[in-house]
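Trainee: Here's the letter readout for the chains.
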Amino acid sequence: MRDSTELAAEKQALANERPVAAADTLLDDAVGTEAKVMVASQWRLMWWRFRRHRLAMAGGVFLVVTILLAIFADIVAPYAPDSYNAAYSYAPPQLIGFSPEAGLYVDGYKAVVDPVLMKRTFVTDASTRVPLGLFVAGEPYLMFGLFRSDIHLLAPKDPKQPMFLFGADRLGRDVLSRTLHASRVSLSIGVVGVALSLFLGMVLGGLSGYYGGGIDTFVQRLIEFLQSIPAIPLWIGLAAAIPQTWPPLTVYFVITVILSVIGWTGLARVVRGRFLSLRTEDFVTAARLDGVGDLRIILVHMMPSFLSHIIAVVTLAIPGMILAETALSFLGVGLRPPAVSWGVLLQEAQNIRSIASAPWLFWPGFAVVTTVLALNFLGDGLRDAADPYAT
Amino acid sequence: MNMHDPTLETPGPNASGRTLLGVRNLKVHFPITKGLLQRQVGTVKAVDDVSFDIREGETLGLVGESGCGKTTTGRALLRVVEPTAGSVTYYPEPDLAVDMLALGKRELRGLRRDIRMVLQDPYSSLNPRFTVSQIVSEPLRANNIATGSELEDRVATLLRRVGLRPEYRGRYPHAFSGGERQRIGIARALATDPKLVVCDEAVSALDVSVQAQILNLLSDLQDDFGLTYLFVAHDLSVVEHISDRVAVMYVGRLVELADTAELYRRPKHPYTAALMASVPKPDPTLRGKSRRHRLQGEVADPANPPSGCHFHPRCPFNDGDACVKQAPELREVAPGHLAACHYAERLQLAGIAAPGAV
Amino acid sequence: MRPDSATPLIEVRDLRTHFFTDEGVVKSVDGVSFDIPRGKTLCIVGESGCGKSITARSILKLIAPPGRIVSGQILYNRDPAQPPVDIVGLSQRSQELRAIRGREIAMIFQEPMSALSPVHTIGDQVSETILLHERVGRVEAKARAIKLLDRVGIPRAASRFDAYPFQLSGGMRQRACIAMALACSPKLLIADEPTTALDVTTQANILDLIAELQAEMGMAVMFITHDLGVVAEIADEVVVMYLGTVAERGDVFSIFRDPQHPYTRALMRSIPRLGEAGGRLESIRGIVPHPSNRPTGCPYHTRCDSYMPGICNRVDPRLEDIGDGHLVRCLLHSDRETPVNAGELAR
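Protein chains in written order, with my numbering: chain A, 6 to 396; chain B, 38 to 395; chain C, 1155 to 1501.
Honestly, I wouldn't trust all of these hints.
What the hints assert, rightly or not - Cβ-to-Cβ under 7 Å is the rule here; a few derived chain B residues that face chain A:
1) R55
2) G59
3) D151
4) L156
5) S162
6) E175
7) N181
Hint data in this document are derived by calculation from the structure and do not stem from the laboratory. No residue lacks a Cβ here, since even glycine has one placed at the ideal position from N, Cα and C.
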């Protein structure tokens, strides 16, 4: 089977002497997309996979918009959250219109006496118009608590005129403005709460998974104990124990802590599971054989492998926090007025009158639903993209 | 049980003769637990009283089928799994002896520079989140061997040594094929200038043509850097090709140990002979010739091994008496050739004929 | 009209199975033709990525999206006197395909633990196959299953009938899979690397068993493997595949004695053989290209020692018959008017 010609024999001898540098890599043949895939890091691969998930991208975009709106609520909202105009109690929402001569406007209100209910209600009156302007001067506010400004994105040119795109509540407060300002509290409770849970979950889950043995047993039983306590009664109990006299900010902080103290258990289990499976991976064994210390193995070798999963789990945990806070406030045992959160706003919608005659009071509920949905889609996309190596 | 004196083994052809690593009565037992309180109901004797020496500069092949304990032995030498009993002594210099099992964590880390391992699966032994450079430099970093630009230089040199282009050091493992990844693993193993490298089924997961490349590479590296290998594998042809001496294991015990040529031409243990007969030869004119040597039954279960000689239920020479009652010692049955069989001297076993022989 | 025994059981003609992924089209099988002779063993040998497994699965139309059989024919000559059935044309849900699968063409896989259901006893699984395809009752099916388990070498078959797969060793599980496959006396057994995950002594027994059963039942066997030793032991005909195409095919003796394709030759030279230790192994330079990045012209030219620049990278060779049923796909053997260096045509 050997080549017998001299030429071939010479070639063979050369091949035998040639240093093994003949290894051409897959990179040599790769062109275009494939070459990019090969030099891509874990995060880039994850982003590429995520990008294909349309629903998740839509959710992501929606959330970015929501977060921007929350940060810049002072500018975007036409009114401050607590400014009221009793004259316009339960005013219905106005539609925005545009005409080349008059610019942006909303229809004005006229009071109408409802013969059946024997009450004064408002309806929009197309004959009067309230001109609107962009970046007009309106109510003053303290931007980020730092500097004064009074520019609002979209507001009536005449600050005394009413503009209630989402309608007004019992005290004539603009539902849109209140919803926007409330998003700050609701979203941040979600994020801060999950951050706390994440910290507790990573530390306890990590210790549990890496060392096993007694620590693992103790932490697992603790988790089981905490999870066996019914959540809502526990929250309500703890929240109801908060003295009424505490300032809203403190109450906010305490609510967040309460939510995290229960929430860490789910994350801890996920972290522990990942640690257990990673511990037996060959590359972890190789790292130990390299002489790498335990701490570096956990933080540098193992953590990137499960960070992507954690991100996905966390993104899916935030809606739970938001809903929990909304539920608590809705039931009256969470945040209370004058603090605004979506749950507080919904609490004021808790009567037949609202449902029947002022349904626009449920806009905050719609905000909760869309935010939670967006977070869920985003989390789904992240979870699917989280393992670009499918190991 | 196995009372042989490894110093009776004659050195292999490429070795200096000096013992680099001595293994005595090594046992690795895993408990089988059951129930809520985790009571021990049995033991898996993965490695059961194994003794051998590894000579400096040689390649000692460790071969056997599943459950024989070869992988566990290799890992026990590095204390990836902790031995239950026995001793492993490392002789870095002729007059220095280090009891490896007595070392604390810190000293063990130091020793892990000298004894390294190449793992089997090229897909799971490299951290997919690390670049090649990071993978190869990690042992250098962990042992404070080099930093900064010197580190980079050493990484480049290592990559070149194993036949990879240093320009690709910033790439991630998924950009490389199985063979190339195994080269990265070998570069990582050599990073600390080790004396002994345990190759734990290092070529088993590779395609045949790539296997040849990697075996050639390992051979070249051994010549260039005076390395000693413990080559753990299940493929008899590969082991024959690369080893100076070969040890055969069955269900936790060493059953035969000899120079490669000697073992393959004149095996003294029935299991070794049967193993060789079972390997399909890539020559259709030889088909059917070894059919009469087929072993019945399955490989014994290390959790519940047969009494006496573990091989007796499948052995065509089972005498039904001594073989069942008494485990044979691993003893010298020919110069430098050890076998654990009551009838080793008397059996005429067929080995592999040398090329050109009839 | 060919005599009955000479009509191949399966004729694969220019089969192409492509996978349409987001990253592009992967042409796993790209123009494969071979015959499976009746009552004989055909071995398909090649390294990873050559498409041998996909070819086997294509025969039983076990290709799931994003994969698809794009073109080609798989002619199944159940009865030589009748026209063949083109399996490619059968729809996934057709009665005819379901009748063929399991009853006339059976398959065993590499990992018996994955192929067996962990929650059913092996006896139940074998019986299920019988009940699906034969008109017998439960009692009769059980009796046949026990006989089958015994025939494949499972000791104490009657009591092992009630064993679960996890209670058996690897070799026993593979025997159970073989029993399932043979339950209805198929005409063709497709074996996809069935012994790769087994010990060498167990492998020898399984190979013996398959050979015995083949002789007894007169069935054809299509055996996929990467191990040339196994091929030499059991094959009657050999197909060597590379990157989705057939590089060479012929009967086992001529392939081993006188391989014509440079890839086959290089493969033969790169395996360590028992009894021939020492020296360097010849390796094939480079690596198998990614199937989505197929080289132009001959797929093997990037690694070939007999590469002819300007020819091999431009022209995709056809499978040429060089006599005695030995076919090679290499420009060295093309009878076109191409200048071939006589020194390269070594013997």
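Trainee: Check each numbered hint from earlier against the structure, then list the numbers of those it violates in ascending order.
Mentor: 1, 2, 3 and 7
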